[in-house]
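Under my numbering, the first residue of the sequence shown carries the number 3, and numbering increases by one thereafter.
Worth flagging that the hints you see were computed from the coordinates, not collected in a lab.
Check each hint, because a few of them may be wrong.
[Unchecked claim] Listed next, the in silico BS3-like pairs over lysine-lysine satisfying Cα-Cα at most 30 Å (straight line): (1) LYS22 / LYS58; (2) LYS177 / LYS214; (3) LYS214 / LYS116; (4) LYS229 / LYS180; (5) LYS30 / LYS177.
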Amino acid sequence: MVIVLKLGGSIITEKDSYRKINEDAIVKLFDVLSKSREKMVLIHGAGSFGHILALKHGLEKPGPSKGREASISRVMSDVLALDSAIVDKLNEKGVRGVAVPPHAIYHGSLPDFKIVETLLANGFIPVLYGDIIVYRGKYRIISGDEIALDLSRRFRPRSVVFVTDVDGLYDSDPKVNKRAKFIPKIRASEIEVIDTKRDATGSMAGKMERIKKIVHYTGRVIIINGKRPDRLSDSLEGKETKSTVIT
3 MVIVLKLGGS IITEKDSYRK INEDAIVKLF DVLSKSREKM VLIHGAGSFG HILALKHGLE
63 KPGPSKGREA SISRVMSDVL ALDSAIVDKL NEKGVRGVAV PPHAIYHGSL PDFKIVETLL
123 ANGFIPVLYG DIIVYRGKYR IISGDEIALD LSRRFRPRSV VFVTDVDGLY DSDPKVNKRA
183 KFIPKIRASE IEVIDTKRDA TGSMAGKMER IKKIVHYTGR VIIINGKRPD RLSDSLEGKE
243 TKSTVIT
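Modelling step: build the complete structure from the supplied sequences, incorporating the hints.
Structure representation (structure tokens):
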């Protein structure tokens, strides 16, 4: 069975610095992937390659594409450049990654995953990412989380792993509240979120709602800290590690 692995934009890029990758984090995470024999699909967030300009140009909400072609194409070009850098780093580590631009396989809200199936069947790792979809005169941002949900519907993965910049779920924001309580295991039906943050792809509440839907199609969702690559290694090997497991 396949594993869906989603790398958060806050891990692979310097999220507040336009078009700046976090090369050290990427190299360490891909060292782990180079040792794994799991069949997987990789998704990554857009980070500073997508969110900064998308918010600047007001692209976070769907709308008509006419008159906004310049800003839309700029953001699409930037996130494609990030994906190319990610695929290059994968291949440098001997991981056979192949870029699959979402704007090329999504028709509105409907994905065509035939190329993903073909790549998986031939031993490659398809690499998708947060992007902008243009369809019938309209545009919308598609997040890596939404892609993870669509992939889960289609492939029913063994697990979906979200690599973030925190250890997992807490009962409050650990970046604000030092007394936030860590949650190692939780049922999807028990998740409640106070919506405090938003970026170009939506709110934290929206992210959690997608994760709750993903659980329906897979055995479990795992949220781990990408700043600790050893935890990703343990997770891929089926070992217990510090993370939040959602069932």
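query: Hints broken by the structure, by number, lowest first?
result: Violated hints: none; all satisfied.
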